[in-house]
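Novice: Sequence:
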Amino acid sequence: MNRLLKTLLCIVALSQSVWANPSNKSLEQAIEAYNEGFAAVEREQRLRHFRRAELLFAQVAEAGEIENASLYVSLGNAALGAQRIGPAIVAFRRALAIDPSNRQARQNLEHARTLLPDWVPRPEATATSFGSLVGALFGESAARSADQIYLLASIAFLAAAVLLALAIRTDRKGLRNLAGVLAVIWIAFLGTAVWKSYQPTAAVAVVILPDTTARAADSINSPSRLPEPLPSGTEVQVMEDRSDWLRVRLFDGRDAWLPASSVARLAG
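Reminder that position 13 of the sequence shown reads as 13 in the working numbering, one-by-one numbering, no gaps.
FYI, nobody ran anything at the bench for these hints, they're computed from the structure.
Each residue gets a CB set at the ideal place from its N, CA and C atoms; glycine is no exception.
One or more hints might be untrue.
Unchecked claim - Ranges between beta-carbon positions, derived for each pair: (1) Asp147 <-> Val181: 19 to 29 Å; (2) Val194 <-> Val41: 50 to 60 Å; (3) Val162 <-> Gly64: 49 to 59 Å.
Build the full structure now, drawing on both the sequences and the hints.
Specialist: Following this line, the structure appears as structure tokens:
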């Protein structure tokens with residue numbers, strides 16, 4: 001049993017209770033194929049069952065009869081079982097678009113990202129830890145989200161208020177001056193966050209074909225932009241659309257051109 005299947009077992013890839021009463025034949029067949037994938041001993045047989053489950057879950061999703069995060073989590077888990085990381089990441093992100101608080105979708109998305117090579121840039125996590133705050137403060141400004149900057153503005157405001165209160169109480173000019181500096185920083189952060197909030201959000205896309213060559217221009221004859229092809233599952237931002245080609249930006253700031261057919265586009 002390979003590492004991927006072991007991990008899927010550990011994170012309870014499919015909740016049977018969610019689909020206790022399947023509403024159509026395709027969904028029932030998808031669950032059956034999924035269970036057969038877990039029961040299969042031979043690798044090829046297991047991949048075949050998971051791939052069939054993925055196709056059936058996708059059929060249900062495309063029909064539009066069921067629109068919830070659990071369906072896309074199941075679709076993503078089936079894709080992971082079939083060792084198709086790109087489609088799995090697409091499905092988990094679509095689940096989170098429906099329900100941002102879905103814990104299983106979030107955990108499985110993070111797991112799927114760990115299956116990519118270490119050199120592949122990942123989207124930054126929301127600034128909820130000290131490390132991410134430091135990155136937001138000292139990293140490139142383009143990488144800071146509006147939410148990160150709003151949080152930093154709040155911290156600067158709170159620190160300025162505390163220092164001003166201490167300055168009034170102790171009548172210390174140095175504290176008053178420091179509070180003034182922090183107030184200026186607060187205003188700067190706040191203005192930047194408001195400006196970023198009104199900027200158009202680049203659409204996100206996920207590479208779904210394996211070993212996709214990122215080009216320096218929108219031509220199949222253009223040289224490779226990166227040392228290695230992009231693996232399926234690489235997340236990028238779409239900066240320009242030229243029908244058959246997309247200019248994308250990796251999450252380390254590098255730009256490249258990809259065939260439009262090699263990616264699945266998501267909402268921003």
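Novice: Would you mind marking each hint as holding or not holding in the structure?
Specialist: Structure-based check of each hint:
no., hint, result
1, Asp147 <-> Val181: 19 to 29 Å, "holds (24 Å)"
2, Val194 <-> Val41: 50 to 60 Å, "holds (58 Å)"
3, Val162 <-> Gly64: 49 to 59 Å, "holds (53 Å)"
Going down the numbered hints, you'll see the structure goes against none, and every one checks out.
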